[in-house]
Amino acid sequence: MIDINLIRENKELVKENIKKKFQSEKLPLVDEIEEKDKKFRQVKSQADDLRCERNNISSKIGEYVRNKEMDKVEHAKKRVNEINTQIASLTVDEERLQNEIHEKMLLIPNIIDPSVPIGKDDSENVELEKFGEPVVPNYEIPHHADIMERLSGLDKESAGRTSGEGFYYLTGDIARIHSAMLSYARDFMIDKGFTYTIPPFMIHGSVVEGVMSFPEMEAMMYKIEGEDLYLIGTSEHSMIGRYLGQIVDEKSLPIALTSYSPCFRKEGGAHGIEEKGVYRVHQFEKQEMIVLCKPEDSWNWYDKMWKATVELFRNLDIPVRTIECCSGDLADLKVKSCDIEAWSPRQQKYFEVGSCSNLSDAQARRLGIRTKGENGTYFVHTLNNTVLASPRALIAFVENNYNEDGSINIPKVLQPYMGGKDKIIPKN
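Under the working numbering, the residue at position 251 of the sequence shown is numbered 252, and the numbers go up by one with no gaps.
The set of hints was computed from the structure by calculation and includes no laboratory data.
One should not assume that every hint holds.
[Unchecked claim] Think about it this way: if two alpha-carbon atoms lie no more than 20 Å apart in a straight line, the pair counts; the simulated EDC-like pairs of lysine to aspartate or glutamate are:
(1) Lys39 - Glu104
(2) Lys37 - Asp114
(3) Lys308 - Glu134
(4) Lys305 - Glu158
(5) Lys131 - Asp147
(6) Lys20 - Glu130
(7) Lys267 - Glu325
(8) Lys424 - Asp147
(9) Lys277 - Glu353
(10) Lys193 - Asp304
(11) Lys413 - Glu312
(12) Lys21 - Asp114
(13) Lys27 - Asp122
(14) Lys105 - Glu36
(15) Lys78 - Asp94
(16) Lys295 - Glu375
(17) Lys78 - Glu35
(18) Lys121 - Glu33
(19) Lys61 - Asp50
(20) Lys16 - Glu35
(21) Lys305 - Asp188
(22) Lys78 - Glu54
(23) Lys295 - Asp250
(24) Lys39 - Asp94
(25) Lys21 - Asp32
(26) Lys277 - Glu158
(27) Lys252 - Glu297
(28) Lys20 - Glu312
(29) Lys277 - Glu166
(30) Lys27 - Asp147
(31) Lys37 - Glu26
(32) Lys157 - Glu141
(33) Lys39 - Glu13
(34) Lys40 - Glu104
(35) Lys413 - Glu134
(36) Lys27 - Glu17
(37) Lys224 - Glu210
Could you build all of it, start to finish, from the sequences and the hints given here?
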């Protein structure tokens with residue numbers, strides 16, 4: 002959520018930003034908010050003037066009593082009662098306008114960074130840089146589901162019976178490498194100075210409203226029936242929500258955390274051929290990183306965070322590239338975002354395995370996360386980034402480390418988590 006002062010002082014900037022995000026249907030909201038804000042401030046000013054008048058009258062009542070000026074006492078009391086009635090009515094209007102403004106403000110996208118390329122959707126995202134040589138071997142790379150099934154590592158049929166489409170069983174060495182990658186990602190981030198955290202896997206609606214837009218919530222999140230609880234789609238939600246309504250000590254900034262959690266997503270709609278495997282699923286596991294910092298430090302952290310993910314994937318012998326998200330592909334709270342994509346030798350193209358985002362103070366403003374410094378209280382900046390999400394990372398791993406004989410090489414960094422094994426070898 003942006004600062005309402007932007008609409009008060011430079012609404013054309015807000016409108017131009019909406020146009021850059023190809024959300025012209027939201028343009029009338031800016032004028033509506035401006036008009037309601039004017040009414041709100043008028044009502045508040047009237048109420049404040051009446052409170053001041055009431056205080057002045059109340060302070061004189063004692064004097065009137067001492068002087069036995071009972072007619073003035075009665076007149077003053079009558080006026081106080083009239084004022085109280087007026088204030089009560091104005092307070093109702095004040096709260097109504099404040100709520101209406103807040104609801105509309107939640108729909109206004111954050112101001113994007115000037116460096117963000119302008120484009121309608123992800124087809125206009127821009128490649129930034131490649132890391133590692135994307136190799137296509139001279140032998141066939143089977144579909145990742147086939148690779149894992151031949152290693153007795155994937156069972157979607159049974160999961161379909163127990164849970165439906167979009168679920169899976171991982172078993173044996175495939176399940177073990179899945180856990181090894183997450184454990185390595187955890188230790189990798191701890192070595193980078195991040196504090197390891199396991200958060201709640203369910204959050205209240207007030208936190209959901211603070212961390213994402215309503216359309217995103219509807220498309221992503223599962224709600225617990227009959228309770229004000231949602232299953233998290235990513236641990237970023239509960240990690241940031243931890244600071245809801247808090248004033249954090251400025252001396253504690255930056256707060257750099259890395260979290261593990263299962264994640265749950267609706268993933269509705271058609272997903273094409275990849276439905277065969279585990280590319281789009283309702284349940285997965287992820288190592289995440291989040292940072293709360295001073296505004297002047299957020300861009301330095303943004304670069305540190307995406308570079309950490311690139312380094313991790315290169316340590317797993319997986320070529321990756323970074324993609325700059327264009328304006329139309331940015332979620333409303335984001336100032337700037339880049340995707341990390343891994344190379345698929347089977348498809349001979351890259352696919353998304355993570356995303357790094359700077360949300361400036363928009364998320365903190367929604368959640369009321371502030372800090373206090375020499376120049377007063379201000380909102381912190383928040384950032385988040387995927388360290389490693391599996392099974393997408395698992396897909397990239399098995400394809401890029403697959404050998405012609407059906408075995409899979411295990412990079413050195415994962416071998417300690419695999420009991421010293423350097424290969425996964427088919428039993429048959």
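Now for the hints, and whether the structure bears them out:
Between the alpha carbons of Lys39 and Glu104 the distance comes to roughly 16 Å, so the proposed pair stays at or under 20 Å and holds. Restraint check for Lys37 and Asp114: not satisfied, since their Cα atoms lie roughly 28 Å apart, outside the 20 Å limit. Straight-line distance between C-alpha atoms of Lys308 and Glu134 comes to about 17 Å, which keeps the hinted pair within the 20 Å bound. For the proposed pair Lys305 and Glu158, the alpha carbon gap of about 41 Å is over 20 Å, so the pair is violated.
Proposed proximity of Lys131 and Asp147 is contradicted: the alpha carbons are some 28 Å apart, above 20 Å. Between Lys20 and Glu130, the direct Cα distance comes to roughly 28 Å. Violation of the 20 Å bound is thereby established for this hinted pair. Restraint check for Lys267 and Glu325: the C-alpha separation of about 26 Å exceeds 20 Å, so the hint is violated. At roughly 18 Å between alpha-carbon atoms, Lys424 and Asp147 fall within 20 Å of each other, so this suggested pair holds.
Under the criterion of a C-alpha separation no larger than 20 Å, the hint pairing Lys277 with Glu353 is consistent with the structure, at around 17 Å. Between Lys193 and Asp304 the alpha-carbon distance is near 14 Å, which keeps this suggested pair within the 20 Å criterion. Distance check on the hinted pair: Lys413 and Glu312 sit about 14 Å apart at the alpha-carbon level, within 20 Å; holds. With a CA separation close to 11 Å, the supplied pair Lys21 and Asp114 stays within the 20 Å bound.
Only pairs whose Cα atoms come within 20 Å are accepted, and Lys27 paired with Asp122 is accepted, the gap being roughly 17 Å. Of the supplied pair hints, the one linking Lys105 and Glu36 holds, its CA atoms being roughly 12 Å apart against a limit of 20 Å. For the given pair, Lys78 sits about 25 Å from Asp94 by alpha-carbon distance, which is inconsistent with the 20 Å threshold. Taking the CA atoms of Lys295 and Glu375, the gap is near 13 Å; set against the 20 Å cutoff, the hint holds.
Our distance criterion of 20 Å between C-alpha atoms is broken by Lys78 and Glu35, whose separation comes to about 38 Å. Straight-line distance between C-alpha atoms of Lys121 and Glu33 comes to about 25 Å, which puts the hinted pair past the 20 Å bound. Distance check on the hinted pair: Lys61 and Asp50 sit about 17 Å apart at the alpha-carbon level, within 20 Å; holds. For the hint linking Lys16 to Glu35, the alpha-carbon distance of about 12 Å falls within 20 Å, and the restraint holds.
Simply put, Lys305 and Asp188 have alpha-carbon atoms about 17 Å apart, close enough for the 20 Å limit, and the pair holds. For the hint linking Lys78 to Glu54, the alpha-carbon distance of about 12 Å falls within 20 Å, and the restraint holds. Proposed proximity of Lys295 and Asp250 is supported: the alpha carbons are some 11 Å apart, at most 20 Å. Of the pairs offered as hints, the one joining Lys39 and Asp94 holds, with about 13 Å between alpha carbons and a cut-off of 20 Å not exceeded.
This hinted pair checks out: Lys21 and Asp32 have alpha carbons roughly 18 Å apart, not beyond 20 Å. Straight-line distance between C-alpha atoms of Lys277 and Glu158 comes to about 11 Å, which keeps the hinted pair within the 20 Å bound. Between Lys252 and Glu297 the alpha-carbon distance is near 15 Å, which keeps this suggested pair within the 20 Å criterion. Pair hint Lys20 plus Glu312 does not hold up; C-alpha atoms about 36 Å apart against a cutoff of 20 Å.
With a C-alpha separation of about 10 Å, the suggested pairing of Lys277 with Glu166 holds against the 20 Å cut-off. Straight-line distance between C-alpha atoms of Lys27 and Asp147 comes to about 46 Å, which puts the hinted pair past the 20 Å bound. For the suggested pair Lys37 and Glu26, the alpha carbons sit about 19 Å apart, so the restraint of at most 20 Å is met. A C-alpha spacing of about 23 Å is found between Lys157 and Glu141, which places the hinted pair above 20 Å, so the restraint is violated.
A C-alpha spacing of about 17 Å is found between Lys39 and Glu13, which places the hinted pair at or below 20 Å, so the restraint holds. Between Lys40 and Glu104 the CA atoms are separated by roughly 16 Å; this keeps the pair inside 20 Å, and the hint holds. Between the alpha carbons of Lys413 and Glu134 the distance comes to roughly 19 Å, so the proposed pair stays at or under 20 Å and holds. Of the pairs offered as hints, the one joining Lys27 and Glu17 holds, with about 11 Å between alpha carbons and a cut-off of 20 Å not exceeded.
Between Lys224 and Glu210 the CA atoms are separated by roughly 13 Å; this keeps the pair inside 20 Å, and the hint holds.
Hints 2, 4, 5, 6, 7, 15, 17, 18, 28, 30, 32 from the list above are not met by this structure, while the remaining hints are.
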